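Chemist: Can you build the whole structure from these sequences, using the hints too?
Number of protein chains: 2
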Amino acid sequence: MMEDGIGMPQTPRSYDPRSFEQLTYHDRLSAFDDGSDTPRAYLERCLEVIAEREPVVQAFAALNEEGAREAADASGERWKAGKPLSLIDGMPIGVKDLLETRDMPTQMGCEAYRGNFPKRDNAMVSALREAGAVILGKTVTAELGGSHPGPTTNPFDPACTPGGSSSGTGAAVGAHMVPCGVGSQVGGSIIRPASYCANVALKPTQGALNRGERQGTSMSTHGFQAGSIEDMWRASIAVARRAGGDRGHFALSGPDTAPAARQPARLIVLETEGWAETDQATRDAFTKLMERLSAAGVTLLTRRDCPPVEVLEQAIADARDICNAITAWENRWAHRNLVDQSPDGPSTRLKEGLAKAEEMTADDYHALLARRAAAQAIHARVGPMADGAILLSAPGPAPLWPGDRPGEPLAPRPTGSPVCNFGTSMLFAPAATVPMMGVGGMPVGVQIMGLPGEDAAATAMARWLLESVDPVVA
Amino acid sequence: MMEDGIGMPQTPRSYDPRSFEQLTYHDRLSAFDDGSDTPRAYLERCLEVIAEREPVVQAFAALNEEGAREAADASGERWKAGKPLSLIDGMPIGVKDLLETRDMPTQMGCEAYRGNFPKRDNAMVSALREAGAVILGKTVTAELGGSHPGPTTNPFDPACTPGGSSSGTGAAVGAHMVPCGVGSQVGGSIIRPASYCANVALKPTQGALNRGERQGTSMSTHGFQAGSIEDMWRASIAVARRAGGDRGHFALSGPDTAPAARQPARLIVLETEGWAETDQATRDAFTKLMERLSAAGVTLLTRRDCPPVEVLEQAIADARDICNAITAWENRWAHRNLVDQSPDGPSTRLKEGLAKAEEMTADDYHALLARRAAAQAIHARVGPMADGAILLSAPGPAPLWPGDRPGEPLAPRPTGSPVCNFGTSMLFAPAATVPMMGVGGMPVGVQIMGLPGEDAAATAMARWLLESVDPVVA
Chain S
-14 MMEDGIGMPQ TPRSYDPRSF EQLTYHDRLS AFDDGSDTPR AYLERCLEVI
36 AEREPVVQAF AALNEEGARE AADASGERWK AGKPLSLIDG MPIGVKDLLE
86 TRDMPTQMGC EAYRGNFPKR DNAMVSALRE AGAVILGKTV TAELGGSHPG
136 PTTNPFDPAC TPGGSSSGTG AAVGAHMVPC GVGSQVGGSI IRPASYCANV
186 ALKPTQGALN RGERQGTSMS THGFQAGSIE DMWRASIAVA RRAGGDRGHF
236 ALSGPDTAPA ARQPARLIVL ETEGWAETDQ ATRDAFTKLM ERLSAAGVTL
286 LTRRDCPPVE VLEQAIADAR DICNAITAWE NRWAHRNLVD QSPDGPSTRL
336 KEGLAKAEEM TADDYHALLA RRAAAQAIHA RVGPMADGAI LLSAPGPAPL
386 WPGDRPGEPL APRPTGSPVC NFGTSMLFAP AATVPMMGVG GMPVGVQIMG
436 LPGEDAAATA MARWLLESVD PVVA
Chain F
-14 MMEDGIGMPQ TPRSYDPRSF EQLTYHDRLS AFDDGSDTPR AYLERCLEVI
36 AEREPVVQAF AALNEEGARE AADASGERWK AGKPLSLIDG MPIGVKDLLE
86 TRDMPTQMGC EAYRGNFPKR DNAMVSALRE AGAVILGKTV TAELGGSHPG
136 PTTNPFDPAC TPGGSSSGTG AAVGAHMVPC GVGSQVGGSI IRPASYCANV
186 ALKPTQGALN RGERQGTSMS THGFQAGSIE DMWRASIAVA RRAGGDRGHF
236 ALSGPDTAPA ARQPARLIVL ETEGWAETDQ ATRDAFTKLM ERLSAAGVTL
286 LTRRDCPPVE VLEQAIADAR DICNAITAWE NRWAHRNLVD QSPDGPSTRL
336 KEGLAKAEEM TADDYHALLA RRAAAQAIHA RVGPMADGAI LLSAPGPAPL
386 WPGDRPGEPL APRPTGSPVC NFGTSMLFAP AATVPMMGVG GMPVGVQIMG
436 LPGEDAAATA MARWLLESVD PVVA
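Protein sequence lines, in the order shown, are assigned to chains S and F. Under this note's numbering, the letters of the first sequence match residues -14 to 459, in that order. Under this note's numbering, the letters of the second sequence match residues -14 to 459, in that order.
For the record, the hints were derived by calculation from the structure and aren't laboratory data. Quick caveat: nothing in here was measured; it's all calculated off a predicted structure. Be aware that one or more of the hints could be misleading.
Pairs involving identical chains hold if they fit within one copy or between any two copies, as the list cannot separate such chains.
[What the hints assert, rightly or not] Below, a list of computed lysine-lysine pairs in the DSSO-like style, where the Cα atoms sit at most 27 Å apart:
1. K341 with K68
2. K273 with K104
3. K336 with K65
4. K336 with K68
5. K104 with K65
6. K273 with K341
7. K341 with K104
Modeler: Written out as structure tokens, the structure is:
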């Protein structure tokens, strides 16, 4: 297998979880301390990878190389003086192009926002800058965080989607362009691209990281994809300490460095409505992974042998429809304004979603909120039976997506299926994904879900998986 | 007492709650039905009052007379055809200039937003238009809903503040310019101006009316001030049915017309931290009003004779500081962007508030959220001891405010004190105010607070007060 200087396979569909090395930042800090490496040199290495791979991967909607170099040099001065602002001082970060940034446009993957440049920083971006991070670029998002795709391709096979809606962040991290990037998730927009691009990621408890100006929906979170649990956690906690959570919410809490790996004693195994869509090779790989967990001494509770788990499965069995309808209603007025202002700007996909939302009534929405609350109540009762739950991060590797075909109906999921992710989103639960499988030479992740607020515990168990369980190749 | 055609006193400081007639809309519907009146004629009467009084009152930041006439004519056609869109079809409404409107600028009382014209409709504005209401103008707001005042004067004495931050809505309704207007409240921005301007108003349960794009803070609500309980309720429920509540919240619920008056059997009497600031004449008037309630058969529970009430009083004793600090933290990133983008735009008042917010940590905020949650838990336990709570809507009539004096420290409360309103806001509780007192020729309101979700019950009791208890003149 041909590899570049930092372990990236050059042949499509040759991902192997046993040998793939992810890009990391945390392990350079001692080199910054002793002067053998600098944040500027680190950044330049990232820029080299970008120069090489961006023509195919197309992860970025905007880059601010000059600003990034200035920020990296300033960081270098701080490390030299022994006064870094945080453990992520100097870390190059890509920010999903839904979040406002004062130094780059925010075009949200939507023609209606072409050239939009509000010159403001989202609270998370502001916190990252306060912590000394280097805001290198804006990463491609599916249109407005929905399902209409941008140009980004999968770093392990350019014929495949990188996932969405945090497409560019997933691909940029997976392609070694940056060690860490910001995503956001309503359905599966953090965990799914991380699964497709061999990244780790934390979709935090609902409300645990301040969304700043982006608080219009009740079920979206901001979160990080990264090449390592350590970088993922350090970035998350650095933001939480500085910008807090959403209005009215406690922020993510835990240590400054990633929680130590922790083997769970018991895990709930969730199929979710995703299992029915999962291909046989991925099912077999996941089954084998569960056998390895059992062999390591983890007790697994499933819907077949544990009735409360079946109740939880049933509670989230319609999560896809519930999440989609709740979010469609919540976006209804903003999308109506957008279509009225710029009739040709939004995609047909967006307009079709708006039309459905405009058929809903307030009481339809209330009924959905009641069902969501019921599912959360069930999770609160069933969740404590185990240390957490384990489930696929996606129903298989990244699918091919050749583009919409003129005259044919629109593909419903051009960025792949978020079917494995609606449950955790609807439960407002933290979910940490780790790349534990290679299926047909492409990555597939598994996620650990905790109860709301248990982000650190879920991270500790995901870390144990990554460090102590042999990944599965199928 | 000189009066104009619709009962407005012409002499300053001659308000008398026994004779003052408020402007109403609901009682014109039968005249629209039989053709003896039309929404256009109603609108023209409003415009006449505006032409006469606006030079002194200065309630409006923008007016759309042409658009309003078109909307009123369209409404007239619907009434003529017997097909009104709702019970508020044709109602002229003023909208606080914090909410986006597609046909008027949204300048938010802040120099930094001068000329801001986003051409979008806030969800509430959109719902009002759907219901056939006539969006007549944007009403003056204190800067960004804070405490830096606009030019509006009190309709009962131009030397006094109309209250804030919904200054223009309060004054426009009080001056008979419109029968109903939209306000918003974090501290006391709906209830206080209603109290100062002799209006009724409902500050709904937190989240009960969709704030649309304005969901950045955890403790603000949109709500209506009106000349009558009936118009106030009809407008509120019309919006709730069409735009629902905030994301994740059930909307206001109840009948299409105002709930019938209901005499409470028991009421908690709350002093709040406002009592210490209340002038003697207002204290005496409130005490006399409580005597009238007792005489009518209402059992009153006070902090002196009922220990749980004292617990509730203590729980909200620091509500002012808690609310102000929570909101300052939540506005911190938006205000920082504003100051960075437009250093001379925001007022010194706003910048001083931002400086305090930037000294806070995420854990300071968490501590405040915990205290707020504790107060809500106490309210949930103590509230059911009675049908509701009664308290002053302001610690006296509207104060004089001659303006900032160059070289002197800024007045802390140029729009009057919201001290009586922080408790209900912090408890996320509905509060309905009615003008039950005249003190020194100026109006003062009392409010009925319910448990969260009990908006209709609070409204029913406020209606009973207004219809069945003699107001007090002091």
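Chemist: None of the hints should be skipped; say for each whether it holds.
Modeler: Hints, verified against the model:
no.	hint	verdict
1	K341 with K68	between (54 Å within a copy, 26 Å between copies)
2	K273 with K104	neither (50 Å within a copy, 56 Å between copies)
3	K336 with K65	neither (53 Å within a copy, 35 Å between copies)
4	K336 with K68	neither (51 Å within a copy, 29 Å between copies)
5	K104 with K65	neither (31 Å within a copy, 50 Å between copies)
6	K273 with K341	neither (41 Å within a copy, 56 Å between copies)
7	K341 with K104	between (33 Å within a copy, 24 Å between copies)
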